[in-house]
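Hints in hand, dock the two standalone chains.
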Amino acid sequence: MTISRNARLLLGSLLGVGLAFIYVPLAVVIINSFNASKTFSWPPSHFTTMWWSKAIENTGVREALKWSIFAGLSATAIALVLGTCLAFAVSRYQFFGREVISLLVVLPISLPGVVTGIALNNAFTKQLGMSTGLLTVVIGHATFCIVIVYNNAIARLRRMGTSLQEASMDLGANGITTFRLITLPNLASALFAGGLLAFGLSFDEIVVTTFTAGPGIQTLPIWIYNNLFRPNQAPIVNVVAATLVVLSIIPIYLSQRLSQDTTTGGRF
Amino acid sequence: MLNSLSNYFHKKQRLRLVALLTTPVLWLVVAYLGALAMLLVTAFFTIDNFTGNVIQEFNLGNFQDMLTDAAYKNVVLRTLGIAISVTFLCSVLAIPMAFYMAKIARPHSQKILVALVLTPLWASYLVKIYAWRTMLEPGSGVLDWLLAPIGIHSPGFGGPAIIIGLSYLWLPYMILPIYAGLERLPNNLLDASGDLGAHNFYTFRKVILPLIFPSLVAGSMFTFSLSLGDYITAQIIGGKLQMLGNVVYQNFSINLPFAATIAMIPVSIMALYLYLVRRTGALASM
Chain A
1 MTISRNARLL LGSLLGVGLA FIYVPLAVVI INSFNASKTF SWPPSHFTTM WWSKAIENTG
61 VREALKWSIF AGLSATAIAL VLGTCLAFAV SRYQFFGREV ISLLVVLPIS LPGVVTGIAL
121 NNAFTKQLGM STGLLTVVIG HATFCIVIVY NNAIARLRRM GTSLQEASMD LGANGITTFR
181 LITLPNLASA LFAGGLLAFG LSFDEIVVTT FTAGPGIQTL PIWIYNNLFR PNQAPIVNVV
241 AATLVVLSII PIYLSQRLSQ DTTTGGRF
Chain B
1 MLNSLSNYFH KKQRLRLVAL LTTPVLWLVV AYLGALAMLL VTAFFTIDNF TGNVIQEFNL
61 GNFQDMLTDA AYKNVVLRTL GIAISVTFLC SVLAIPMAFY MAKIARPHSQ KILVALVLTP
121 LWASYLVKIY AWRTMLEPGS GVLDWLLAPI GIHSPGFGGP AIIIGLSYLW LPYMILPIYA
181 GLERLPNNLL DASGDLGAHN FYTFRKVILP LIFPSLVAGS MFTFSLSLGD YITAQIIGGK
241 LQMLGNVVYQ NFSINLPFAA TIAMIPVSIM ALYLYLVRRT GALASM
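Keeping their order, the protein sequence lines are chains A and B. Residue numbers for the first sequence follow my numbering, beginning at 1 and rising by one. Residue numbers for the second sequence follow my numbering, beginning at 1 and rising by one.
Treat each hint with caution, since some may be false.
Computed from the model, here is a short list of chain A residues facing chain B with C-beta under 7 Å [said to hold, decoys possible]:
no.: 1; residue: Ala7
no.: 2; residue: Leu11
no.: 3; residue: Leu14
no.: 4; residue: Val28
no.: 5; residue: Val29
no.: 6; residue: Phe88
no.: 7; residue: Ala89
no.: 8; residue: Tyr93
no.: 9; residue: Pro108
no.: 10; residue: Val114
no.: 11; residue: Gln127
no.: 12; residue: Leu128
no.: 13; residue: Gly200
no.: 14; residue: Asp204
no.: 15; residue: Pro221
no.: 16; residue: Ser248
The set of hints was computed from the structure by calculation and includes no laboratory data. Every residue, glycine too, gets a C-beta built ideally from N, C-alpha and C.
Pulled out of the complex, with its shape left as it was, chain B reads as follows (with noise of 0.2 Å):
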């Protein structure tokens, strides 16, 4: 019998492929999808003030909202800069760690220099950010009693530390596509340049960056896309400061769909980020 269904299912390739799909297409369209689409109808709808509950006709009101209200502008723009700041500082501290990683380290050391920086990504989110908590907690904070000596102090709790931590949360994934970059690239370029004459930074310039650069771009896609949507960090180590994250996750409760509006801004930012660096080719070249 199971030898025959076998044999049955071996000659119809259609209805394999058909039974392999089923199930995890209707998953995540049924599941994921129409989730999706259902929350992205709710944008447009509004809530009755009196009771709370959702007022299912179809209008902008809340897109206008959003669009009239000085608040909601600042806050799109301090997650924005937020995000870039966020990529920005992985790039600067990725970029020589991922060199000495695969240019300078023996094989050996290489393998687990890989390793340390992977191990962190296992670490719970929760618990770094937490970690950072204790770090710079203002006046008793592990920073002040280590950088005190020097002069320099804890930032505090805000956006500084917001950046630090979400820098800290997505560097892994900021050094593991250079790596991969730079161990593709190469040594003889690299001589070849110095031959010519060229400084170490000139080299790094004219040289090395433009043939990472495709790496930096798919570790920005992690860095800055997963800063966007962020809210757990902001609300832990942020003080008062308030990312896009944190306004979606605050309306949820009491206006869910003015908190669905708001989620479209981190969504299509994203989207058209995805759309720029298609452009832009990068992708294809990894």
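Okay, chain A solo, but in the shape it has when bound (with noise of 0.2 Å):
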């Protein structure tokens, strides 16, 4: 294709401010943990390590990102059973309001995240009577992590098709066996995207967390919320805020490896 050499350099240089609008923030972060100066100075003056050995020790965070893996696990491990299962009914039978599920799956991650925590938080003390702590958050992280484990599910089992179970049946192997041996091993590195995508998701989700945590429970996302605005945290929270920086690349990693399909945050 022709594209005259004066379009390409000013698409290039474009593409440039709109990376360099992406990573400057993310690289401040970055060397905003090695500032020396207690209070926000920008550009810094001295750099040190300090911050980080403190973060580590910091108790505060410890206990935070304790609270946010086990949740985010234990939501993760939901959404793939309640996920899969809904992507094998709505790829494998005809059933009246197949069109409705996919509809309702995708609803709690669509409407704002205010709505579905105020909604939840009604539900679960003023309804229910319930008590807001660990098991609310995981209930709630799950259903909108629900539709991010359909989404890669489904896709893989449409693209498989069932000529291959049907193959394995014929040759004498049970239900059970033919979804250990066969669609499992198939669907695998569709789940295991899934599951990242939907943990990634519960690990930094604030606002519905906000609504269903209540006091005793402080996710990482809401630690760093409530220490925002406090002066003498800020360098504890300028490195916690580096540290998930540098991991982001992980999973970008991970998913680029594993499928094609599943890039985009499940959310297409």
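See below:
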């Protein structure tokens, strides 16, 4: 295709501007975590790794990280089971209300988090008389994680077709053996990618968590939010923020290696 | 035993379907739709001004308050304005980036560029807005330090900051569908347009833009609707400015029925937007 040299240069520099827009703030976060000044000052005059060792020792951060991982894993496990069941039902069976299910499953992630949050809080505390805590956080997170697993699983199931399973059954394997030896291995990478995305979503969630966590539980995003405006905590917040930026490379690397149809966050 | 159980299930197709559907559908209907329905009903209740308890009597008082108070109309208009600006800014940034990625970059660098655009989606939401707080801080922020030599100053915290912050958060969601749309666009269409004497910009306006319109709409579903319900960005870099989400958040603890009423606004706008998008048929051609 012929695109003039000037147009190429212009588009190339616009791409550069866009990438700078994306990466300069992230770079600032990382540099700032080494900023020796206790209050925010830019550009940093001295650098130190002191805040990193302080952050690692910080009990608040450790606690929050523990809650985040626990809630994320629980929500992901539930979403994996429920999302896969739904994907099987929708892709392999004809039934009344099939379209409604695909709408129902995407609703929790499409509506604003604040709406989902106050709806769940109202239902849990006022209607059901539950107290907010880890259980309500996990229920809330699992609800919007289902769609992620569902999207990944259904894309794979549609591409897989049913011929392999039929061949397996024709050769005498029963339903359980076929699922164990044929269906699951073919589905595994899609489920892993879906689970990874679901965990990422849960790990990062703040709005629904705010309304379902109650005072006892701080996930990492809630901890960051609560300490964001406390001046003497700023250096620790910087380190936590920088760590999260650096860690975001891992899932991208994994999902790029794993599958092509699931790198977009599962929302498409 | 296991074998006979498995054979039994294989013969009963309906039973298998019911086994697959029951738990997830119950979960979504009870935990989610039930909660939403409760919230919708609550919007028609009021609270006792003395005790703060919800009085379960059906009335339209909240909706009257919402429609008659000009303050809420302003918040709605401001939120809409922000969501539209974010969508526009994201489109303007995303189109040239996606075009370079899809049509100019070599296959190898294409993959890297896609990864570069995707990575920030995994960086924490809060961290990204926090990053913009350090960028925009008036006087001592990074933007002032970076751009003061060319005479540009940070807009500080407020409406423009919210628009920048939200655009930053949702930009990848706009780039990816446009990139996918451009990849599908045959190169010879652009060549043909050029051969027939069209300038670059003319080709863009008359050939590229109409063909990637469905992708733009797909991207806007994220940039527009995610912006409509946001309140944390406004809390962190919005200064005193409030969006619809902030009004819901503030009313939540003091007047839940009214918070529920306000929460219906972004939901209705999104439903209307989705309906309009469906009518244009933009999604069917994705």
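Okay, the hints, checked on the actual structure:
{"no.": "1", "hint": "Ala7", "verdict": "holds (5 Å)"}
{"no.": "2", "hint": "Leu11", "verdict": "holds (5 Å)"}
{"no.": "3", "hint": "Leu14", "verdict": "holds (4 Å)"}
{"no.": "4", "hint": "Val28", "verdict": "holds (5 Å)"}
{"no.": "5", "hint": "Val29", "verdict": "holds (5 Å)"}
{"no.": "6", "hint": "Phe88", "verdict": "holds (5 Å)"}
{"no.": "7", "hint": "Ala89", "verdict": "holds (4 Å)"}
{"no.": "8", "hint": "Tyr93", "verdict": "holds (5 Å)"}
{"no.": "9", "hint": "Pro108", "verdict": "holds (6 Å)"}
{"no.": "10", "hint": "Val114", "verdict": "holds (5 Å)"}
{"no.": "11", "hint": "Gln127", "verdict": "holds (6 Å)"}
{"no.": "12", "hint": "Leu128", "verdict": "violated (10 Å)"}
{"no.": "13", "hint": "Gly200", "verdict": "holds (6 Å)"}
{"no.": "14", "hint": "Asp204", "verdict": "holds (5 Å)"}
{"no.": "15", "hint": "Pro221", "verdict": "holds (5 Å)"}
{"no.": "16", "hint": "Ser248", "verdict": "holds (4 Å)"}
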